[in-house]
Amino acid sequence: MTESKEMVRVEKLNKSFGDLHVLYDIDLEVKESDVVVLIGASGSGKSTLLRCLNFLEIKDDGKIIIEGEQVEADTHDLNKVRQNVGMVFQHFNLFPHKTVLGNVIEAPMQVKGISKKEAVKEGKRLLDKVGLGDKYNVYPSRLSGGQKQRVAIARALAMQPDIMLFDEPTSALDPELVGEVLETMKELGNEGMTMVVVTHEMGFAREVGDWVIYMDEGKIIEVGPPDQIFDHPKEERTKAFLDSVF
Amino acid sequence: MVEFFDIFIGSTDVFIEGLWLTLRLSVVSLLIAIVIGLFIAMLKISNIKILEWIADGYIWIVRGTPLIVQIFILYYGLAEVWLIPSFWAAGIGLAFHSGAYIAEIIRGSIQSIAKGQREAARSLGMNRSLTMRRIILPQAFRRAVPALGNQFIIGIKDSSLASFIGLQELFGVSNTMGSNSFNYLPYFFTVAVYYLVIVLILTIGVNMLEKKLAVSD
Chain A
1 MTESKEMVRV
11 EKLNKSFGDL
21 HVLYDIDLEV
31 KESDVVVLIG
41 ASGSGKSTLL
51 RCLNFLEIKD
61 DGKIIIEGEQ
71 VEADTHDLNK
81 VRQNVGMVFQ
91 HFNLFPHKTV
101 LGNVIEAPMQ
111 VKGISKKEAV
121 KEGKRLLDKV
131 GLGDKYNVYP
141 SRLSGGQKQR
151 VAIARALAMQ
161 PDIMLFDEPT
171 SALDPELVGE
181 VLETMKELGN
191 EGMTMVVVTH
201 EMGFAREVGD
211 WVIYMDEGKI
221 IEVGPPDQIF
231 DHPKEERTKA
241 FLDSVF
Chain B
1 MVEFFDIFIG
11 STDVFIEGLW
21 LTLRLSVVSL
31 LIAIVIGLFI
41 AMLKISNIKI
51 LEWIADGYIW
61 IVRGTPLIVQ
71 IFILYYGLAE
81 VWLIPSFWAA
91 GIGLAFHSGA
101 YIAEIIRGSI
111 QSIAKGQREA
121 ARSLGMNRSL
131 TMRRIILPQA
141 FRRAVPALGN
151 QFIIGIKDSS
161 LASFIGLQEL
171 FGVSNTMGSN
181 SFNYLPYFFT
191 VAVYYLVIVL
201 ILTIGVNMLE
211 KKLAVSD
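Protein chains in written order, with my numbering: chain A, 1 to 246; chain B, 1 to 217.
Since the hints were made in silico from the structure, they are not lab data. Check before you lean on any hint, since a few could be wrong.
Derived lysine to any residue pairs resembling SDA-like cross-links, with alpha carbons at most 25 Å apart [said to hold, decoys possible]:
| # | chain 1 | residue 1 | chain 2 | residue 2 |
| --- | --- | --- | --- | --- |
| 1 | A | Lys-98 | B | Phe-15 |
| 2 | B | Lys-115 | A | Pro-233 |
| 3 | A | Lys-80 | B | Met-132 |
Covered stretches of chain A (chain B as the covering partner; in silico rule of three or more C-beta atoms under 8 Å from a C-beta of chain B) [claimed, not checked]:
| # | stretch |
| --- | --- |
| 4 | 32-39 |
| 5 | 155-167 |
| 6 | 174-187 |
Every residue gets a Cβ at the ideal spot worked out from N, C-alpha and C, and that includes glycine.
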């Protein structure tokens, strides 16, 4: 089998907020079609790491290499980079003044200049795919949390990104709505989307993840396939964390 | 009372002319004020110190001086170098004045939009200006509508100050008619009714707009 393409590479990434050092010397590698799941306690830096990958947070030092190109915030057009890196947020962040379809077609039309006809066609296809084919003309305020998050996933996919980032996509959902979102993400992973997922859903991490990364206090403590991390963790801290969640 | 109705009905033609001038003055000044307000609001949220100072200075001067003083300075002061028609002296004075208040309304409503909206737009590859125009401003505008409506009402009533530089708008008409007849009060009641009706119509309009914009709630 040929070596698969490297989508994201992070080397010695450091990030502080004022005096608070939140990421220490992070190294990370994500290959094409990998699903990488970041787990760890709140405040361990996993969301910050994810946000650094599409430059919503700007690193202090280290390298971030996206699809082979080292990206620096001050020299690169981040808008171009972000077009290939979709992001799904904990609180959905749908545009409340636009309909469901309006949310999905906004960026393809405004950023990529795709015609309305084409954007609508693709938008409807994506909304059908996430199971919201009957909600095109509804405003987000009429949707449940799970539906909102699925719209947010469709909105990100509409830019045809090569990489999708998920920042605790189910943490703001009522328990009974978590499943539908995870199911959508699982399908996406099965289709070969490259994904980096920050989550507290250990079941998802185990079932869908190709790699699981355990972070604590701004450092990567352990990286491995799910069975290794969940069944035979090497590090004491990983064990302690898993004991506390299960 | 009978006298008031006689005067109210008998003076319709002159008051309609005054009304027309009041409306032109208000619409022109408020349109310019919106442009000024948006511009100053952008300076204030630019995160560039010098631009913020310019905006703060502008707001300080406009809010710190009476509108009538501003109009007089524009009309009499500028007349020294460049004769400015009284319509434009009043119109620009009113626009600069409302602009400062509108700037604060717009800035406040922009800053009230959750940070996640900007992040979501940027994460889709939208640049700053697209994010502002397509995502932030439409939402901010919705929130600003009640306060803007209020400011427009104030602007319309403030246009009565234009009479002091000789414009025969509504208040100017009532004042002239009163002094010609040595009988002020019925004319002031008459002009009050005109203002009340304008403000009522505007209020209904703003309420309808609010309802229309609320479809996405």
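Legend entry - Hints that the structure is at odds with (numbers, increasing): Failing hints, ascending: 1, 2, 4 and 6.
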